[in-house]
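Participant: Residue numbers (our numbering), protein chains in the order written: chain A, 1 to 424; chain B, 425 to 848; chain C, 849 to 1272; chain D, 1273 to 1696.
Keep in mind that the hints were calculated from the coordinates and are not lab data.
Remember, predicted model here, so these are calculated numbers, not experimental data.
From the three backbone atoms N, C-alpha and C, an ideal C-beta is built for every residue, glycine too.
Among the hints, a few may not be true.
Unchecked claim - Some chain A residues judged to face chain C by a derived CB distance under 8 Å, without partners named:
| id | residue |
| --- | --- |
| 1 | Val143 |
| 2 | Pro145 |
| 3 | Pro254 |
| 4 | Asn255 |
| 5 | Lys280 |
| 6 | Ala290 |
| 7 | Pro293 |
| 8 | Tyr294 |
| 9 | Lys329 |
| 10 | Asp334 |
4 protein chains.
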Amino acid sequence: MKIEKSIIDQHNQGLQERHQRAFDFVSSDVDNIDDILEKLQRFQIAIPSWALGTGGTRFGRFSGQGEPGSLEQKIEDVGLLHALNQSSGAISLHIPWDIPQNAEEIKALATSYGLKFDAMNSNTFQDQAGQAYSYKFGSLQHVDPNVRKQAVAHNIEVIKHGIALGSKALTVWLADGSSFPGQLNFREAFQNTLESLKEIYAHLPADWKLFVEYKAFEPNFYSTTIADWGQSLLLANKLGDKAYTLVDLGHHLPNANIEQIVSLLLMEGKLAGFHFNDSKYADDDLTAGAIRPYQLFLIFNELVDGMDVRGIDHATGLGWMIDASHNLKDPLADLLQSVEAIKIAYAQALLVDRTALKEAQQQNDVVRAQEILQQAYRTDVRAIVAESRLRSGAALDPIGLFRALDVRKKLIAERGMNSVATGL
Amino acid sequence: MKIEKSIIDQHNQGLQERHQRAFDFVSSDVDNIDDILEKLQRFQIAIPSWALGTGGTRFGRFSGQGEPGSLEQKIEDVGLLHALNQSSGAISLHIPWDIPQNAEEIKALATSYGLKFDAMNSNTFQDQAGQAYSYKFGSLQHVDPNVRKQAVAHNIEVIKHGIALGSKALTVWLADGSSFPGQLNFREAFQNTLESLKEIYAHLPADWKLFVEYKAFEPNFYSTTIADWGQSLLLANKLGDKAYTLVDLGHHLPNANIEQIVSLLLMEGKLAGFHFNDSKYADDDLTAGAIRPYQLFLIFNELVDGMDVRGIDHATGLGWMIDASHNLKDPLADLLQSVEAIKIAYAQALLVDRTALKEAQQQNDVVRAQEILQQAYRTDVRAIVAESRLRSGAALDPIGLFRALDVRKKLIAERGMNSVATGL
Amino acid sequence: MKIEKSIIDQHNQGLQERHQRAFDFVSSDVDNIDDILEKLQRFQIAIPSWALGTGGTRFGRFSGQGEPGSLEQKIEDVGLLHALNQSSGAISLHIPWDIPQNAEEIKALATSYGLKFDAMNSNTFQDQAGQAYSYKFGSLQHVDPNVRKQAVAHNIEVIKHGIALGSKALTVWLADGSSFPGQLNFREAFQNTLESLKEIYAHLPADWKLFVEYKAFEPNFYSTTIADWGQSLLLANKLGDKAYTLVDLGHHLPNANIEQIVSLLLMEGKLAGFHFNDSKYADDDLTAGAIRPYQLFLIFNELVDGMDVRGIDHATGLGWMIDASHNLKDPLADLLQSVEAIKIAYAQALLVDRTALKEAQQQNDVVRAQEILQQAYRTDVRAIVAESRLRSGAALDPIGLFRALDVRKKLIAERGMNSVATGL
Amino acid sequence: MKIEKSIIDQHNQGLQERHQRAFDFVSSDVDNIDDILEKLQRFQIAIPSWALGTGGTRFGRFSGQGEPGSLEQKIEDVGLLHALNQSSGAISLHIPWDIPQNAEEIKALATSYGLKFDAMNSNTFQDQAGQAYSYKFGSLQHVDPNVRKQAVAHNIEVIKHGIALGSKALTVWLADGSSFPGQLNFREAFQNTLESLKEIYAHLPADWKLFVEYKAFEPNFYSTTIADWGQSLLLANKLGDKAYTLVDLGHHLPNANIEQIVSLLLMEGKLAGFHFNDSKYADDDLTAGAIRPYQLFLIFNELVDGMDVRGIDHATGLGWMIDASHNLKDPLADLLQSVEAIKIAYAQALLVDRTALKEAQQQNDVVRAQEILQQAYRTDVRAIVAESRLRSGAALDPIGLFRALDVRKKLIAERGMNSVATGL
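Generate coordinates for the entire structure from the input sequences, incorporating the hints supplied.
Facilitator: See the structure below:
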């Protein structure tokens, strides 16, 4: 299924008047509205290939329908999203779930949808059929050098796939850790992981980056070998200039001040980028902005400030990706909601009066500082985000159009009721 | 596989001298040692049928070997545990994973191992093949009365299976809840759940109990419809005298004072019993006592005190079950470790000088109160627990014997490498 | 200091044009805007007398200036707030910090500012000079009946003061609990508390309510005797129809779903009302809406829904109070920010399309349900809240006017640099 | 008050027989018992001068009696503890609460009790009378260079006092942070703090260490400028070889794996040492080992392993201090309980069979690894710790003797009922 431009235009025409009124109202107070719109247009959030199917928990999975049964169909799905919002212009692949049989053809297909290949993702947290060694007790951390070698080789393989597709980064997320006190020697696990990462790092092309992700817990329940930003940064610093720390919003202990971590990683020049999602309890992998939208705004507030201070291009300097699990909602609708929430937070952050904020901070005027952030956050920026879509040729109301077009019904008709996303 | 009494005796003989020395030392200070030993002997902890296979997380599962491939083999596994420790004299079945084809034969088999049938467990958190309605959006809480009816009927079916086997309780654990704000009307979800439970309750035999379990979160990530002890107790009170609140140690928010909850539920006469496990972060389902052994002791301290005050028989008054997930360890070895940890905590709680504690509390002597609890907790009671096993004909060192007998190897030989526990 | 109506009018005139444009924009989509405005006008949030001075932590306190040094000045302060926002028409007194020497005069003074007397607050968490028994080890829970009697007598005294002032409720917040395992017998502490509350309850006038507040921890660090909503509800049910459970937003374990608790308490007819504040880590007592504004909205979403279903008057049916600590900000400015945030959340909740939400829930359309809540939450309702102020004769921009009038400077001039709020 | 050696001896004689029996039993299985005893004898835990008075919370403080009213009396108090347990041979002073008027006399007094001067503590979290600038909005982080200069100068002053007393380390704990989003520029706060610390570092004598403490939250409630081990390590690395990260057990987010942090800091050669206490909810500052004794053991397990690998002397290589708040217990009794719990955990960690553990880890034998740790932890080592005291000339039962001697009564007689510890 492909959504033609004419469909989009027709949809937009119907909403135009109402949109214009809202946009005029909200933009009338914004001096640099064109700059903001341009930034919003350029800001693209990658979609991981595994997000296109229904997710689940250890207790079960309630499958969806018409899910993409091949890499080609996954690209088609992201193409649909991108046609609707012109904000999802990249796909992030997961190996071995998405091994391209013919990289050139896959690249051409992606290009036809206006998509690029974001960071590649390796998988050493599951055993694959026919695998020589098990990752039950870890991969890059493993006490057995054979397991580590196998995991390193897999990552190098992933890099190769990525080169063929034009990707420029490898994301390493490890499930390595332990579930019981005593199981692991923490230092040796760290050192083994470092040595393994060094070997992978040595195979990175010159223009690639290595994203070292951290996570507080799960699937191991006593320790995680890269458990927090401090451990990830320690590794990134020991690895070298191409290694960075990746922040996944759900990978923290309760109450963590993630925006401060983001700010400091930017200060150190070591922030890789983001895996967006939201959570109330643990790594719940909910729709971005569904639970703590103000925190999402505060993170973007730090991102905008920190990237500008360091001269980092908002659109291309860091990696932006959604990493949620779609257990109850249609994955495509859910991803549209996540992208919308992220762009709202970004737009609000762009509205922050940084000169006034700086001044309030210099005067320790806490009341005023709060007012300045709330002034931006309380502004209804949806018309600004919609206008940026309009200017990019996307839909004013992506979910509305998704519904009106009965997208899922058509995908089911094409793919069948029982098509299940590969890899899940 | 069956472990003969002669094997146990031989094992015990080899350890007897060392054991006797330790037991003599620790028991010399204990006035009521025989009373304690008798209580320990009578204290049986049920094993759930799903705990006999390797567990996993949403990220994957690393299968074990020689797992029980049928209900008969599950009973055999619990029989092995019980032979080793004489403390696991009951099995808790899960329907539909363990539907007995011939209840009488299954009962006879269990009896041959000295096992009873503990509480029955229903499952409305997964869809079964051929099921008319999906539980994707809940079961007893569902907005659609057809779904609720189906779930109620399933629970009634479970009661019937239980009657046939001689069980005396139904445990209802619901995954019902919501993952996003707005998804659910909390009050209606509660009322629907209450109505459904009332129908189930109406089908309980006169001598049965209904255990209403609560859980803070997961698999839903915004709300759980029976989320805490307060909600469970509200339901139990509205249902009637046969309804009780079941406590699973992993089902709480961070830092919850579980022992206080236990104490108050006992005060209200509404404590059903326990699902034992341990956790560091969330519902980690680790080996009992592996992370917070002092908390386990404090819980038993409240249990002993509260049961004695109300005249509840320790062994039979409440339900005791392990509910852990064995992702990394051999399930049988893991269960032996859990039972040992639970009995240690129980033994320590039996050692608490309650007269002195009462006195310290009356005087607000906080230093002394702490000393009294620590005096019991710091005592090495392993020889007491071992002696209770010895007197019951079990092994002095169950895990040691489990290893020496190469139990798993033999099970693999009997069942095959790839035998996977049904239901997981 | 008193702010004349003419000052307000002049201020409003200067902002009128801009306000009108914003109000016209946002209200054009709202059918029942007058109903909403009327509700907002009627909605009054009480200010506790202890919030008018600078708060602190156990590590220290950085005093403010020009703080109210008497009950009269506290009333004056609330009068200033109320003049600015016409939303803080009540003051909540704390005994013994605010014992009125002449109740009639105090009432007359309050009336002159348009203020009523909200719930009375007792204090058995601190020792007062000359007190016979210490509350070090609790008050209503205390093992010594003399202490309990003293604490009960104090509460009865507080009721008397409240009667004289026209208050209609007593809020009991207890610091009772324990800091170490063993210190307390949980059941006896609960029973003692219940007995003590019964005595207090017996002294309540017929038209009074008893608000039983709960708190998870602090100032005791192992157990709190009324620790959660379940324990408070248990007490309220045992006490009778005039007893209710009071929710303070900061008094929960990490990640608690407070909106669900609110919904269920309303269902049970036992919600007393709220102590508003916000927090990131523990009972941080920050400005309402400063950290989790979406949660505040979700709570109001449940409140509006639940009150309407039960026919509870929004303005008068429950108790609304701010309970924050103003450690860094000027208390008056901080309170204005809290009131604004609360009214924004309330206005957003009033905008929720409940018919559509109900429909989405009935269809398990999670995507739509989220959209409906976000549609209301993302709306910039500040002009609606401002309009409600305008119609009530308050300032369009209360904090702006507070600044422009240099209120604190004038209070310092009147009261002196070193005037410290009584009771802190 | 001074406890004569003869009193101790007499006390020990009465307990000797019972002790010997227990010690013989437990030590009979321990090959290197003399090595362990020697380590225990050498292991000294410093007492901070502020721990000798009754602590409190922001809600109040229930004063004790006979508290030390001068630095001399504080030294006397620690001398009492040391006489009782020979394990508290150092005092850690806090400036400005404990400015020695005559350093030589103070040193001589301390020496007379066998006490050394542990790390010095500065205070920039409170304002002192007559201070030019306020720390309300931070100290080393402050936007105003004058405030930073004042705070730096204070730290340099503290170093001078320390030099005079023979201390060898400065502990910097900052309350710096923010309570509201927007209040602070995180990067600038970090950079200001770093610059300030550099100036302090430049004034450190060659044989001194700088301990950089971190804390997740409180007294600021949105961000702390040195919030976690990662931030502290970042600072320590930028400062130089004499800077280390100090771990306070209560200064973490919920569920943090502190033992892993400890292990990694040792790996990096950057662990300063410990502030011991325990907690259930937040920074509760309870008696060490009172809530999570197994965690305390696991931390010591990492300490022993990590120190041995790096050749760090257990007694002198790192800093050991109690940092608890004694709100309900007599501070001296409470400190005796903390020291006992710490030494028990240390003794248990010394019992761990590291060869076997290593082997189990190499084989991923999780069951065995857990057994090995539990074997050590479940051993009742109290007689070993008591024997180490006996060999050092301390009391077999310090708290028992403390009670028998009516120490507090005598201190009240000497100092008066209302003597309150200076600084609190």
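Participant: Now, for every hint given, state plainly whether the structure supports it.
Facilitator: Quick rundown of the hints versus the structure:
Of the supplied interface hints, the one on A/Val143 is violated, with its beta-carbon coming no nearer than about 35 Å to a beta-carbon of chain C, more than 8 Å. Checking A/Pro145 against chain C by beta carbon gives a least distance of about 40 Å; that is not within 8 Å, so the hint is violated. This hint holds: A/Pro254 has a C-beta 4 Å from the nearest C-beta of chain C, less than the 8 Å allowed. For A/Asn255, the suggested interface contact is upheld, since its CB lies about 5 Å from the closest CB of chain C, less than 8 Å.
Interface restraint check for A/Lys280: the shortest CB-CB distance to chain C comes to about 6 Å, inside 8 Å, so the restraint holds. Checking A/Ala290 against chain C: minimum C-beta separation of about 6 Å stays under 8 Å; hint holds. Residue-level restraint check for A/Pro293 holds (minimum Cβ-Cβ distance to chain C is 5 Å; threshold 8 Å). For A/Tyr294, the interface hint holds, the least distance from its beta-carbon to any beta-carbon of chain C being 5 Å, beneath 8 Å.
A distance limit of 8 Å between C-beta atoms decides the matter here; for A/Lys329 the minimum to chain C is near 5 Å, and the interface restraint holds. Nearest Cβ of chain C to the Cβ of A/Asp334: about 7 Å, under the 8 Å cut. The hint holds.
Violated hints, in rising order: 1, 2; the structure is consistent with all others.
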